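Residue numbers (our numbering), protein chains in the order written: chain A, 2 to 551; chain B, 2 to 551.
By construction, these hints were calculated from the structure, which means they are not laboratory data. The structure presented is a predicted model; accordingly, all values stated were derived computationally and were not measured. Among the hints, erroneous ones may be present.
One copy or two, either will do: identical chains are not told apart, so a pair holds if it fits within one copy or between any two.
[Claimed, not checked] The calculated lysine-lysine pairs, modelled on BS3-like cross-linking and capped at a C-alpha distance of 27 Å, are:
1. Lys384 / Lys320
2. Lys70 / Lys478
3. Lys3 / Lys267
4. Lys478 / Lys59
5. Lys397 / Lys347
Protein chains: 2
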Amino acid sequence: MKHIVIVGGVAGGASAAARLRRMDEKVSITLLERGPYISFANCGLPYHIGGEIIERDKLLVQTVEQFSKRFNVNVCVGHEVLSIDPEHHLVEVANGDEQYSLTYDKLLLSPGAQAILPNISGIDDPRVLVLRSLPDMDLIIARLRQIRPNVPIGVLGGGFIGLEVAEALRRLNLPVILIEAQSQVMSSLDPEMAVPVHQHLLEHGVELHLNRSLSRIHSLHDGLQLEYNNSQSVKVGMLICAVGVKAESQLAEEAGLELGINGTIKVNEYLQTSHSDIYAVGDAVQTYDWVLNHPVHLPLAGPANRQGRLAADNMLGHKRRFRGVQKTAICRVFDLSVGAVGVNEKTLKETDVDYQKVYIHSNHHAGYFPGASTIHLKLLYLKENGQILGAQATGKEGVDKRIDVLALALQARMNVYDLEELELCYAPPYGSAKDPLNQAGFVAANCLRGDDDMIYSEYVKDFVGQIVDIRDPEELKAGIISDSINIPLDSLRERASELDPTQAVLIYCQVGLRGHVASCMLRQLGFRVVNLAGGYCTYQDWVETLQEES
Amino acid sequence: MKHIVIVGGVAGGASAAARLRRMDEKVSITLLERGPYISFANCGLPYHIGGEIIERDKLLVQTVEQFSKRFNVNVCVGHEVLSIDPEHHLVEVANGDEQYSLTYDKLLLSPGAQAILPNISGIDDPRVLVLRSLPDMDLIIARLRQIRPNVPIGVLGGGFIGLEVAEALRRLNLPVILIEAQSQVMSSLDPEMAVPVHQHLLEHGVELHLNRSLSRIHSLHDGLQLEYNNSQSVKVGMLICAVGVKAESQLAEEAGLELGINGTIKVNEYLQTSHSDIYAVGDAVQTYDWVLNHPVHLPLAGPANRQGRLAADNMLGHKRRFRGVQKTAICRVFDLSVGAVGVNEKTLKETDVDYQKVYIHSNHHAGYFPGASTIHLKLLYLKENGQILGAQATGKEGVDKRIDVLALALQARMNVYDLEELELCYAPPYGSAKDPLNQAGFVAANCLRGDDDMIYSEYVKDFVGQIVDIRDPEELKAGIISDSINIPLDSLRERASELDPTQAVLIYCQVGLRGHVASCMLRQLGFRVVNLAGGYCTYQDWVETLQEES
Ligand SMILES: Cc1cc2nc3c(=O)[nH]c(=O)nc-3n(C[C@H](O)[C@H](O)[C@H](O)COP(=O)(O)OP(=O)(O)OC[C@H]3O[C@@H](n4cnc5c(N)ncnc54)[C@H](O)[C@@H]3O)c2cc1C
Ligand SMILES: Cc1cc2nc3c(=O)[nH]c(=O)nc-3n(C[C@H](O)[C@H](O)[C@H](O)COP(=O)(O)OP(=O)(O)OC[C@H]3O[C@@H](n4cnc5c(N)ncnc54)[C@H](O)[C@@H]3O)c2cc1C
Ligand SMILES: CC(C)(COP(=O)(O)OP(=O)(O)OC[C@H]1O[C@@H](n2cnc3c(N)ncnc32)[C@H](O)[C@@H]1OP(=O)(O)O)[C@@H](O)C(=O)NCCC(=O)NCCS
Ligand SMILES: CC(C)(COP(=O)(O)OP(=O)(O)OC[C@H]1O[C@@H](n2cnc3c(N)ncnc32)[C@H](O)[C@@H]1OP(=O)(O)O)[C@@H](O)C(=O)NCCC(=O)NCCS
Chain A
2 MKHIVIVGGV AGGASAAARL RRMDEKVSIT LLERGPYISF ANCGLPYHIG
52 GEIIERDKLL VQTVEQFSKR FNVNVCVGHE VLSIDPEHHL VEVANGDEQY
102 SLTYDKLLLS PGAQAILPNI SGIDDPRVLV LRSLPDMDLI IARLRQIRPN
152 VPIGVLGGGF IGLEVAEALR RLNLPVILIE AQSQVMSSLD PEMAVPVHQH
202 LLEHGVELHL NRSLSRIHSL HDGLQLEYNN SQSVKVGMLI CAVGVKAESQ
252 LAEEAGLELG INGTIKVNEY LQTSHSDIYA VGDAVQTYDW VLNHPVHLPL
302 AGPANRQGRL AADNMLGHKR RFRGVQKTAI CRVFDLSVGA VGVNEKTLKE
352 TDVDYQKVYI HSNHHAGYFP GASTIHLKLL YLKENGQILG AQATGKEGVD
402 KRIDVLALAL QARMNVYDLE ELELCYAPPY GSAKDPLNQA GFVAANCLRG
452 DDDMIYSEYV KDFVGQIVDI RDPEELKAGI ISDSINIPLD SLRERASELD
502 PTQAVLIYCQ VGLRGHVASC MLRQLGFRVV NLAGGYCTYQ DWVETLQEES
Chain B
2 MKHIVIVGGV AGGASAAARL RRMDEKVSIT LLERGPYISF ANCGLPYHIG
52 GEIIERDKLL VQTVEQFSKR FNVNVCVGHE VLSIDPEHHL VEVANGDEQY
102 SLTYDKLLLS PGAQAILPNI SGIDDPRVLV LRSLPDMDLI IARLRQIRPN
152 VPIGVLGGGF IGLEVAEALR RLNLPVILIE AQSQVMSSLD PEMAVPVHQH
202 LLEHGVELHL NRSLSRIHSL HDGLQLEYNN SQSVKVGMLI CAVGVKAESQ
252 LAEEAGLELG INGTIKVNEY LQTSHSDIYA VGDAVQTYDW VLNHPVHLPL
302 AGPANRQGRL AADNMLGHKR RFRGVQKTAI CRVFDLSVGA VGVNEKTLKE
352 TDVDYQKVYI HSNHHAGYFP GASTIHLKLL YLKENGQILG AQATGKEGVD
402 KRIDVLALAL QARMNVYDLE ELELCYAPPY GSAKDPLNQA GFVAANCLRG
452 DDDMIYSEYV KDFVGQIVDI RDPEELKAGI ISDSINIPLD SLRERASELD
502 PTQAVLIYCQ VGLRGHVASC MLRQLGFRVV NLAGGYCTYQ DWVETLQEES
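Can you make the complete structure from the sequences, with help from the hints?
So this is what it looks like as structure tokens:
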């Protein structure tokens, strides 16, 4: 009888075991998990800390007992695989003080990743914690009970786990300092798109320390003194590190398996490692970003689950391809949803891809229906043919929907002309007859067809010509671009003669829509015109960005 | 100078006028609207009746003044086009008592549709009303103030407008009788998918009269006596008719333009009528259902808006194709969202298309995160290659997102194997690592690959063999399929010997997931097995459906 051994019993490992059993009632399956639990909801950990998921048991999607019984799998928790011998198809396992070896016909590695700890002095203080597993969570909760309520807690890292932890702590009414080495949180976003997230964090009482690298930690009797490399320092009660993860690839490496980028395990499209009887999935492996055609490490639960299912099929003799990833991701930050898919502009700038971008600030549903809130969307596409490259969005409602639709548009290799034609469901509580995604398609297609011409905020400072603010006078209180003159859109036609036809015109409004109307008008009246992409709204985010970067 | 005349100033007409002006500053544009308003939010009317949209002014997306000024369009409200003379490029217009004729170079018809009134005696009673325009709405609101609060109001027709009106009236705490000739509301749904909608309506105090055709209306001094063709009758204070719309095509017909199905105006893919200088868009025209390759009348705002934009371009000399429709639609019914896209099974049954279907009843987001609610999803696809044909969904949250993603999947001609690989955004508040749409893909792909075999609820009565309910004993209280035996999934492996291997086995659980696990297991133990599609949940809806149909 064929024997399959699985290392790691959570997203990738447990999914693979379940699928294996469904596809083959006879194969013998051993699941080795070094921790005390299998199938737990890693993604739920921050929400239990914050008290939103009240019962800890909810995090245990399957217990060892249920899982073994239902799927007839030999589940061994507390069993750590110490080494692999690919040649003899053996793994060496430790269970407490006991050690034994186990043979396999096929081996699946789904050992996940470990939280990275920066290599600085003081990092080994027991008040420096990470969040990866249930025991990690339990420890954080226990420590939170011990600390004094007025001492802030430091969260190191503004990625999605850092942000979720910061929110959880604020829910407990604890003071929080979020420390980030970059000038922005959520590195999947471009910097100007992160500005609303920063504002939202501040509004919710998170103290934001951007551009701060931690250089050392001093252990005090009542807390930690965090020293930044700009020689400032700050005192916290404890520090939760969320600066990213590192693939658990030591086992693989020691077994001579080929590694990929950032110490990931290298697998082919069938999720096979360099040894054909060893498969690997999940946070531990290198995967493939098909949008830019390059290897990538994407430690997320969706791919891990789907890879586990696929690897199971392949270990049973099928040949099913994993298609690669396009990096769809989302994070809730208090009341804000922050989502992204595909490539961002930061990354595109490092390539020679000829791209364009549009910004949309649209109501998430019909404006006349109560409760409409703004979605801020950035869309990137190929200049050559409009093929969609990536998108980012923030907003209180409807962000996940738009990112998911764009995820499909990417998967289907669609272009901006396809977005113009999107037939999405519309009733006032859900969207608009022209959905924000239709609008994004319209704007992009207008640029590509030459029906309008855009200027991006970052180039406004270099613009030579007349800057015309076409908003209504009362809108200017919120701020203007310097050296602009105000001619409200509805009087532009009659006042166009006030403009100098020999000079270029930069038009802007609040979001770009009225600017488009004005820009079309003036162009046909003989002016050279550009419309400010995303209007004053995007411009402000850029101004903020440049400040944060400097 | 080219002169373009537009008939109808709302979704299609106003969108076209705005786009025309953006694309051509010089062209002269006249917009003729017989009603008192342009650019109003038809779709918002029911919500103002129900008091959800409080200010009536919110429904006026653009006023005549704003619009004429911004877009330099000659907007004439209260001007009705009486006839078209295509040969002489003339329209005859009435403005009150005045009448005049107007020449055009290009003419755009966007006259919309009118509410259908059944041709029965008593229909002309002034207490029989329809809802199409702002004046219609004003009249309904005025009448509601006059009627006695305890007399129920009749709503005729269970389409989306009927349902929205019924909900609006319930919000005002008025008793409502919803009358529908078919055995189900929302004809875009298949009957079993409408069952949760019926339940929800009843829970919200709507009295549902299904299978009731209205045969005559008796005018009483204090209300209306509605007589059904089953000779029952019911008394209401007033009756709002929402039994569908009829294209406003009389003008076109009288002008000799070719008509399409159901009295719509026939247009080609460039939205040109049979007379090349006359274009038509919106509720008045026939469009094309590309999924089943047949002409269709789809009176919805999204297509009307997009067609208006496209027709504008084409009238200016471009040649941009309207790609046809796939019938994406959604309706809010109290707390329930009801959405559909593509073809339904009722329609497929009338074709020779070889299709399959799956049912999913999944949490809209991670089950361990508070607030998860069930999405009921039905997916239809080609048996030959898995190409998606259509989908329907109901649920309290996340329905619009799944329908929109499937709308894109349809638009991109994707198949169920593509759904298996969907990379949607996942964090606990938004979805699951295996999204309901992934699950739908898994289940469908399992069937197509022969990894599982399904039986549909409607065939259970014909099944010969053993029926095994694999739910846990406490789940059976909610009902069982008769003649089934109960062997809980987790003891099935050891108790399989209790089953007769010479007889087929029908497995069912609550939604189909555990049934899949059981069915895979038994099949490999040598049994002939089928798993009940959608489990007991779908089965119950079918039982209910058959009762309503009989
Ligand atoms: C706090 C937090 C929040 C998250 N939120 C999200 C989110 O919102 N969305 C999202 O997509 N993803 C999220 N993730 C990421 C997601 O949880 C992972 O992508 C996913 O769990 C990866 O699955 P895996 O099977 O590769 O690894 P894991 O789920 O980490 O499982 C690996 C298991 O292998 C075990 N193991 C390792 N080495 C050995 C060994 N030598 N012997 C035996 N056992 C071993 C480990 O103990 C571990 O239990 C989150 C992660 C965390 C920590
Ligand atoms: C109550 C209600 C709720 C709705 N809800 C939704 C929804 O949630 N989602 C959705 O997608 N759709 C919805 N719709 C449908 C949507 O409003 C229509 O699809 C859309 O308005 C059609 O646009 P149109 O330009 O073709 O016609 P209309 O918007 O109806 O405009 C046609 C205009 O032409 C004028 N006209 C007609 N004949 C003449 C003439 N001879 N001379 C001058 N003027 C003329 C009419 O007075 C009318 O104002 C709803 C409709 C109603 C009534
Ligand atoms: C709990 C766990 C073991 C479940 O694995 P699983 O059994 O593969 O997954 P599910 O319970 O979602 O079931 C999916 C199966 O049910 C089937 N299914 C789902 N709905 C169905 C329905 N209505 N009818 C028939 N079959 C259905 C699917 O086709 C799939 O089977 P397949 O893979 O053979 O095609 C695994 O997901 C896990 O460990 N999760 C927790 C860890 C984790 O993911 N962490 C990160 C996120 S917090
Ligand atoms: C109000 C109405 C006249 C507006 O028509 P419109 O000007 O074409 O539509 P919008 O205001 O949405 O503007 C869309 C335009 O702005 C552009 N735009 C949108 N956002 C933009 C941005 N951020 N930057 C630049 N341009 C932008 C679009 O590209 C599009 O221009 P295009 O058609 O030239 O490509 C019309 O929609 C209407 O009458 N609506 C009410 C009636 C109705 O639809 N009823 C049924 C539903 S309730």
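message = Hint by hint, where does the structure go against what was stated? Just the numbers, ascending.
response = none
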